[in-house]
Amino acid sequence: MAVISRPSGKVFALKDNKSAFPYLLLAPGLLWLFMFFILPIANLAQMSTKTSSGETGEFVQSYRFANFFDSFMDASGQFARSFLYATLATLIALAIAYPLAYAIAFKSGKLKNVLLVLVIAPFFVSFLLRTIAWKQILGEEGAVTAILRTLHIISPQTTLTSSAFAVVTGLAYNFLPFMTLPIYASLERIDPRTLEASGDLYANGFTTFRKVTLPLSMPGVVAGTLLTFIPAAGDYINANILGNPNTKMLGNVIEARFFKIVDYPTAAALSFTLMAAILILITFYIRKAGTEELV
Amino acid sequence: MTNNSSNSNNTNKDKLNKLAADNSIPSEIKNLISKSLSRRTVLAGVGGAGAAVALASCSSGGSSAENVRWANWTEYLDYDEETGENPSLVDFASANGIEVSYKEAILDNDEFTAPLLDKLRSKKDIGYDLVTLTDWMTARWIRLGYTATFTEGGIPNKANLISSLQNPSFDPGRTQSLPWQGIMAGVGWNTEKIPAGIKSIKDLFSPKNKGKVVVLSEMRDTMGLILTHLGIDPSKDFTEDQFMQGIDFLDKQVKDGIVIGVRGNEYTQELRDGNVWAVIGWSGDMFQLKAESDGKFDFALPEEGGIIANDNLMIPVTATNNAAVEKLINYYYDPAVAAKVAAFVNYVCPVEGAQAEMAKFDAELATSEFIFPTEKTKSQLKIFRALTAAEETKFQTAFQSVAGNA
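Quick note, the sequences are listed as chains A and B, same order. Each residue of the first sequence is one higher than the last, beginning at 0 in numbering that gives the first Met the number 0. Each residue of the second sequence is one higher than the last, beginning at 0 in numbering that gives the first Met the number 0.
Worth flagging that the hints you see were computed from the coordinates, not collected in a lab. These figures come from a predicted structure and were not determined experimentally. Please note that the accuracy of each hint is not assured.
Here are the simulated lysine-lysine pairs, DSBU-like style, with alpha carbons at most 35 Å apart [claimed, not checked]: (1) K201/B - K49/A; (2) K201/B - K377/B; (3) K49/A - K251/B; (4) K377/B - K207/B; (5) K377/B - K49/A; (6) K49/A - K109/A.
Going by beta-carbon spacing under 10 Å, a handful of chain B positions derived as facing chain A [claimed, not checked]: (7) R139; (8) I141; (9) P194; (10) K198; (11) D202.
Under 10 Å between C-beta atoms, here's a sample of chain B residues computed to sit facing chain A [as the list claims (entries may be wrong)]: (12) S93; (13) A94; (14) G96; (15) V258; (16) L288.
By construction, the Cβ of each residue, glycine as well, lies at the ideal position given by its N, Cα and C atoms.
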């Protein structure tokens, strides 16, 4: 729109300008993408169809596309678990993050900045240490187990560590800021006059939330769920540290194939399958949820 | 004198090293840690190398000092915090005029070896003249022809190697590898939770310990103990079927909920936290735990027998100064020197006569079963046999599958 109102000469000048300048501006980014995304992906792709030469760590290209199917069938349990745990963690994170972001955006007053810093604060500690800390939090000598046992919510024999529960809570906790911040950003942008208008039209608090606040914050919710779900589905640290052999996720399989079994083709094939599965899910989700307001 | 990477920022680095050496920690993170370490190593190394050059030019009267580049694991050599030097290396350098650039470069067998493979295949310098790798990786290096054979008579002190380690299946007669230190795998437990102690693998997997048992993610240690329990000798030519019997046995313990985790070093933390009562663990870790906890934890070899794995000194085929390297190996096989190192690192010492030498300066430590297992204990220790490439893949896949990773 703005272009039209400009003197037409300038617009033509811009259109005619075939200089390489915009491409030069793009170059660092493209180079980065090429070096650290395209090349590794290409490398992974050609690894994924190789087979073992018979010696540990040596592989020959045999275009064995069955690697994809075989590896998927072998790891289907962990596959399903990855998506189940990531979905649960995303839902838990959403349930915690939305009220939190709402409170920070509308009810925190002077404390707003302090609360925002507190949301980000865990990032100052390494991911690994944060996860290991959960082992102690949920551990035999930690407060959570003691309280739940006193309240008879769990039996004295039940342990919370090394369980699916620990893995999912660990995932939800670790990715919580990724959920909170986008929701906060979209809530914060809501024009208070729209809320007032809703009140003027005799909507009560709940109706206002349902008809005005929630729809306007949806871009944040969509962004937050994506930012939580995608890394959670590929994560293997939480399952490794907080889980047991029956709660392993696909990331653990890929890690073991790469470093323990030294079976690079299977690991590469699984990485691709995971990437494709996430892409398909995300495409479907975005089609449903809409992305117009995401950016 | 020495470019010891541990000389600077010691405490922090030790912490990082511990993290980095932890098998349970995903490799991606280990890489990050090791990268930050190696950058520091380089920085520290630059200073150290400068000093070494300066010293060499003072002392050696013009003749070019030989240099041996040694890659080892972290905290695996005597170290003086005040001077920031490795006393035994300093002594070696002044006695022989051979400088040793000592790098704590190994955090993981696979991750250390993988980047060197191309150079080893094409016989180009890998940057080290001496490497220290675990038995199974040693076996792989020897199988692939990446190691140099020791010169006949080049290491006279080789005769001091304890007899039980002289003929492993991967290097009979020890012509290409010599043990640096040994690590025993056995059973550890919390004496408050299990007052009766654990005497066997059967005790370990008792239903009473349901959900409180963790086993090592190092396949050879865990499976070695289980095979021994099943009456299969892991040091002999067991068959694939026999190995799979062991896998089925472990799988049952996992399915029954007795084993709650297959993990690396972090099992010590789980013991401390009280989440885990009994483990298949390593002697060195349990030595630490026992020492710091006033008897809350104990360690033993199960009555069926224990597993010992060694880290071995090897000269890569790409080395050109083999005589100097052999001198260095020979030096560490002197019982007096070996005793000094063992007193510092507390792992199983492979050198005969070191115990008597240690008794001269620390009589109590010299009686430690963790460093000098008795004859009876030694007779119970087995080395997991070398595997073929096909076996390695098949067995590791089966083991990872029990651990939920495949």
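Indices of hints not satisfied (ascending): Result: hints 1, 5, 6, 8, 9, 10, 11, 12, 13, 14, 16 break, sorted rising.
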